[in-house]
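Add chain B to chain A, keeping to what the hints say.
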Amino acid sequence: MPDQTGLELLAQQVGDAVPDSVLGTLHFRGQATILAAGGQIREVLQTLKDAGFAHLMSVHGVDYYPEEPRLGVIYELLDRSALDRVRVKVRVTVDAPQVPSVTPDWPTAEFQEREVLDMFGVQFAGHPDPRRILMPEDYQGFPQRRDFPIGGEPVLFTKDHGAGDYTEQR
Amino acid sequence: MSSTVDKSAPGQATPAKSAYRQMEESIDLSAVQQPVFVDGATHELLTLNMGPHHPATHGELRLLVTLDGEIVRDIKPIIGYVHTGIEKTAEQKAYWKVIPVVERMDYLAYFFNAYAFCGAVETLTETEVPKRAQYLRVIHMELNRIMSHLVWLGTSALDLGAMSMFWYCFREREAILDLFEYSTGQRMHTRYFQVGGVMEDIPAGWAAKTKAFAEQMPTRVDQYGALLNKNEILLQRLRGVCPLDEATLLELGVTGPLLRASGNPWDLRKAMPYCSYEDFDFKIAVGEHGDNYDRFAVRMQEMKESSKIILQALEGLPEGPFITDDRKIALPPRHELATSMEALIHHFKLVTEGFRVPPGEAYFPIEGPRGELGCFVRSDGSSKPARVHMRDPSFVNLQATAPMCKDAYIADLIATLAMMDPVLGGIDR
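These protein sequences, in sequence, are chains A and B. For the first sequence, the working numbering gives the first residue as 97, with consecutive numbering after it. For the second sequence, the working numbering gives the first residue as 101, with consecutive numbering after it.
Honestly, the hints are just simulated from the structure, not real lab data. Using N, Cα and C, we set each Cβ at its ideal position, and we do this for glycine too. Careful, some of the hints might be misleading.
As the list claims (entries may be wrong) - Here are a few chain A residues that sit away from chain B, every Cβ distance over 10 Å (derived from the structure): (1) Gln142; (2) Glu164; (3) Pro165; (4) Pro193.
As the list claims (entries may be wrong) - Okay, the calculated bits of chain A under chain B, using three or more residues with CB under 8 Å as the criterion: (5) 116 to 130; (6) 169 to 177; (7) 227 to 240.
Next up, chain A with everything else stripped away, as it sits in the complex:
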């Protein structure tokens, strides 16, 4: 992980290359985070890729309820020669959960963005296959959001068929 100074320099570098893209930096427990503007995430990640962070190891979705903007998409970047990691965070609102897909530049993000779409309802513009991945295709709602209740799933047994059609809109 870059230290505090290294992170500021890196953020400066990204801000110079892509104007108005860096909203802030955070250095916590030795881990560096750049808070980026959602619309420019592809350019931001490309700049970091040119700076050596050539590998996207993970994409996490986070719900920051009750903070606003609620949803977060987090990209974990890795530099395999400098042995360094940096995290890029994008925040979007529930009403307009759009983030450009980074799949064209980072093919590894395909499944992981689908998972964030599935669990949090973040729409990735330009994703080649924007479907649910873990939940059934006809599922309603986004289960990993913090306001999604736990324990409300009906258990599907044949004997319960009379109780209604589970595929119906809830």
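Frame of chain A, contents of chain B only:
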């Protein structure tokens, strides 16, 4: 017509069917003509559904395979059949109660799941783990790695027609599970790793038994090799089959033995050491061509290297505490409860509410048996995590199935799937 499933009672209006049911019913079994001569195909394409319940998919993995005769032109993996919402469940539990749930994600790598989670929480709480606990963790994780590779080898050999390998591999696996039972009380999903250390010190005699096992294991691996490496059927099904180059693997985020088979020596244990891995002398096995044989050979060699690490860790096992003495994180020893009021309060607070973690986010990547296993934990300051996300290597590696198997025979698809070693519990979580 006395079906128990048919619920439409006479004289009762049938409710309108949902859009999904209507779509489902519109599918019939009549032959569908597909366009010929597209995408370089010379025959009519056939779409074949493989799985989810198929013995060669090692779990509930469904593959939609587009076939041109016997040749695979495209694969679409469909997953989610064993999705149990473990990440959601984890948000409802105190930190120390999350450990047993995350262990059940990748069910062949339970020590790794627990360690990735504990490591992320230890990063957030800035807990120092005693050296002895780190060594005990290394011993258990490396035993777990051997165990995971043994299950892979046994079931993969079964897919390739080598029946007896399964029994030999499971014989050694049983020995490892017995060691786990001896030290932790459970054979699987042991909940041995705690935030700040391990649950208990190893019992008397365990070190000697583990040493005997680790000394014997390389010989066993040689015996497996003697059975398989000269087997012409096996070699023909693995050598040069479904290779994938290093650049594509890196783009797809593939890690672990699959990446190392293509010649890239990336291993987090060496590159970015954690948990005292820098103390041990071991080698990284790499392949040359990135084909199925290299994937096989890399894992075989890794079992030997893991045995070496176990022996070194047992040899240099430091004396000292096995868990942190921070009473805000770890339970006080049992004998203190009878004499110390403070210990009793700490015990009560930890068992009822659990410990609180400073607000923040941490990502803790480790080298699991299948690649980079990372745990992302977000804390909102309470005693329950606000988000737990596992970057499971099987989930990411699965994206390489289609590029690997494109334009290969369907029989090679089975061999490649076996050599990829996906664990569906980890993929679906």
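Examine each Cβ of chain B, and state whether all of them lie more than 10 Å from the Cβ of Pro193/A. About 16 Å separates Pro193/A from the closest Cβ of chain B, which puts it past 10 Å; holds.
The output says Gln142/A does not contact chain B. Does that hold with a beta carbon cutoff of 10 Å? Gln142/A is indeed farther than 10 Å from all Cβ atoms of chain B, at 14 Å.
Check your understanding: Do three or more residues from the region 169 to 177 of chain A put their C-beta atoms closer than 8 Å to C-beta atoms of chain B?
Key -> holds (count 3)
(message) So is the region 227 to 240 of chain A in contact with chain B by the C-beta rule, three or more residues under 8 Å, or is the coverage claim wrong?
(response) The restraint on the region 227 to 240 of chain A holds, since 8 of its residues have a Cβ under 8 Å from chain B and three suffice.
### Task
Determine whether the non-interface label on Glu164/A survives the test: each CB of chain B must be over 10 Å from its CB.
Answer for Glu164/A: holds, closest chain B Cβ roughly 15 Å.
Notebook entry, point to check: Against chain B, does Pro165/A keep a CB gap of more than 10 Å to every residue?
Noted result: Given that every Cβ of chain B is farther than 10 Å from that of Pro165/A, nearest at about 15 Å, it holds.
Holds or violated: the region 116 to 130 of chain A covered by chain B, criterion of 3 or more residues with Cβ-Cβ distance under 8 Å? It holds: at least three residues are needed, and the region 116 to 130 of chain A offers 5 whose Cβ sits within less than 8 Å of chain B.
In this structure, none of the earlier numbered hints is contradicted; all agree with it.
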